[in-house]
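Asker: Each chain, written out:
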Amino acid sequence: MFEGTVVNLITSVTLVNNTEKIIDISVPTGERWQILSLRFLNPDDVQRACSFKVFKEAAKTNFVVWLLAPALTAGAAGQWPSNTSSTTTMTIPPAILAEGNIIEAKWAAGGASAGGTDADGLVVNYIKRAARGAE
Amino acid sequence: MSVKESCPYCGKMADMQFVKGVWKSKTCDCGKDLAALAKSVPELVDEKPNLKSQEVLP
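So the protein lines, in turn, are chains V and E.
For the first sequence, the residue numbers in our numbering are 1 to 135.
For the second sequence, the residue numbers in our numbering are 136 to 193.
Simulated from the structure, these hints should not be mistaken for lab results.
Be aware that one or more of the hints could be misleading.
Said to hold, decoys possible - Listed below are the simulated SDA-like cross-link pairs for lysine to any residue, each with C-alpha atoms no more than 25 Å apart in a straight line:
| id | chain 1 | residue 1 | chain 2 | residue 2 |
| --- | --- | --- | --- | --- |
| 1 | E | K139 | V | N8 |
| 2 | E | K139 | V | G100 |
| 3 | E | K167 | V | E20 |
| 4 | E | K159 | V | E104 |
| 5 | E | K147 | V | A114 |
| 6 | E | K159 | V | R39 |
| 7 | E | K147 | V | S113 |
| 8 | E | K155 | V | S113 |
| 9 | V | K53 | E | V138 |
| 10 | E | K161 | V | T19 |
| 11 | E | K147 | V | G100 |
| 12 | E | K139 | V | T87 |
| 13 | V | K106 | E | G146 |
| 14 | E | K161 | V | S113 |
| 15 | E | K155 | V | A108 |
| 16 | V | K53 | E | F153 |
| 17 | E | K174 | V | T91 |
| 18 | E | K159 | V | T84 |
| 19 | V | K106 | E | D181 |
| 20 | E | K147 | V | E104 |
| 21 | E | K139 | V | T84 |
| 22 | V | K106 | E | S175 |
| 23 | E | K161 | V | I22 |
| 24 | V | K128 | E | P193 |
Unchecked claim - Covered by chain E, according to a simulated footprint, are these stretches of chain V (three or more residues, beta-carbon under 8 Å):
| id | stretch |
| --- | --- |
| 25 | 6-12 |
| 26 | 114-122 |
We put the CB at the ideal spot given by N, CA and C, even for glycine.
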């Protein structure tokens, strides 16, 4: 049985000289998301350490799970899930997010650079379902 | 749904706008136009195959 709607959430990413970048995506009220994949790029001309985390709420007080923490060279792409073994990140699915959860995508400052932008620098592929069921 | 990005000018989280299927930058509450900033930096262009022959075909 298959239920829900597949969504490709596409976000442009702009990085500027030696400055950290964060993009927060929130799961709306009344929805739960099953994350199928994350795809992300480094549009800058220097290496950027990236991080993808899930927090319980918008204030980002409670850290739920760390999905991936790759270092991307200039122009490189990364993807989750990954076969990279790690004890600090969750490299394999499932990642089911509740309403109010936040996906935090971060590109750390990478030193002096020209900066760069990519129209689809972050793509979250997920199944959207209604947030219902027994508590 | 809410998608926000950090503003490199003020450091706060700024709302992004949904345009033609893509979440894009817009003006931050601090007054800086982040869409203009995106246009001011180099764009990452995906490599595309050259499908045209380099030779004269019969």
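Asker: Each hint needs a verdict: does it hold in this structure or not?
Answerer: These are the hints, each one checked on the structure:
The hinted pair formed by E/K139 and V/N8 meets the criterion: a straight-line CA distance of about 17 Å does not exceed 25 Å. For the given pair, E/K139 sits about 14 Å from V/G100 by alpha-carbon distance, which is consistent with the 25 Å threshold. Using a Cα cut-off of 25 Å, the hinted pair E/K167 and V/E20 holds, with the two alpha carbons roughly 17 Å apart. A hinted pair counts as satisfied when its Cα atoms are at most 25 Å apart, and E/K159 with V/E104 qualifies at roughly 16 Å.
Our distance criterion of 25 Å between C-alpha atoms is met by E/K147 and V/A114, whose separation comes to about 22 Å. Pair hint E/K159 plus V/R39 holds up; C-alpha atoms about 17 Å apart against a cutoff of 25 Å. At most 25 Å may separate the alpha-carbon atoms for a hinted pair to count; E/K147 and V/S113 meet this at roughly 22 Å. Only pairs whose Cα atoms come within 25 Å are accepted, and E/K155 paired with V/S113 is rejected, the gap being roughly 30 Å.
Under the criterion of a C-alpha separation no larger than 25 Å, the hint pairing V/K53 with E/V138 is consistent with the structure, at around 15 Å. In summary, the hint linking E/K161 to V/T19 is supported, as the alpha carbons are separated by about 18 Å, within the 25 Å threshold. Between the alpha carbons of E/K147 and V/G100 the distance comes to roughly 20 Å, so the proposed pair stays at or under 25 Å and holds. At roughly 29 Å between alpha-carbon atoms, E/K139 and V/T87 are farther apart than 25 Å, so this suggested pair is violated.
Our distance criterion of 25 Å between C-alpha atoms is met by V/K106 and E/G146, whose separation comes to about 13 Å. With a CA separation close to 23 Å, the supplied pair E/K161 and V/S113 stays within the 25 Å bound. For the proposed pair E/K155 and V/A108, the alpha carbon gap of about 28 Å is over 25 Å, so the pair is violated. The straight-line distance between the Cα atoms of V/K53 and E/F153 is roughly 23 Å, inside the 25 Å bound, and the hint therefore holds.
Under the criterion of a C-alpha separation no larger than 25 Å, the hint pairing E/K174 with V/T91 is inconsistent with the structure, at around 34 Å. For the hint pairing E/K159 with V/T84, the CA-to-CA distance comes to about 30 Å; that exceeds 25 Å, so the pair is violated. The straight-line distance between the Cα atoms of V/K106 and E/D181 is roughly 22 Å, inside the 25 Å bound, and the hint therefore holds. As the CA atoms of E/K147 and V/E104 are separated by approximately 14 Å, the hinted pair is consistent with the 25 Å bound.
Annotation: proposed proximity of E/K139 to V/T84 is violated, straight-line Cα distance about 28 Å (limit 25 Å). A hinted pair counts as satisfied when its Cα atoms are at most 25 Å apart, and V/K106 with E/S175 qualifies at roughly 21 Å. For the hint pairing E/K161 with V/I22, the CA-to-CA distance comes to about 15 Å; that is within 25 Å, so the pair holds. Pair hint V/K128 plus E/P193 does not hold up; C-alpha atoms about 53 Å apart against a cutoff of 25 Å.
Remark: the stretch 6-12 of chain V is confirmed as covered by chain E, as 4 of its residues place a Cβ nearer than 8 Å to a Cβ of that chain, reaching the required three. Coverage of the stretch 114-122 of chain V by chain E holds. Counting CB-CB distances below 8 Å, 8 residues qualify, and the rule asks for three or more.
Figure legend: structure checked against the earlier numbered hints; hints not met, in rising order: 8, 12, 15, 17, 18, 21, 24.
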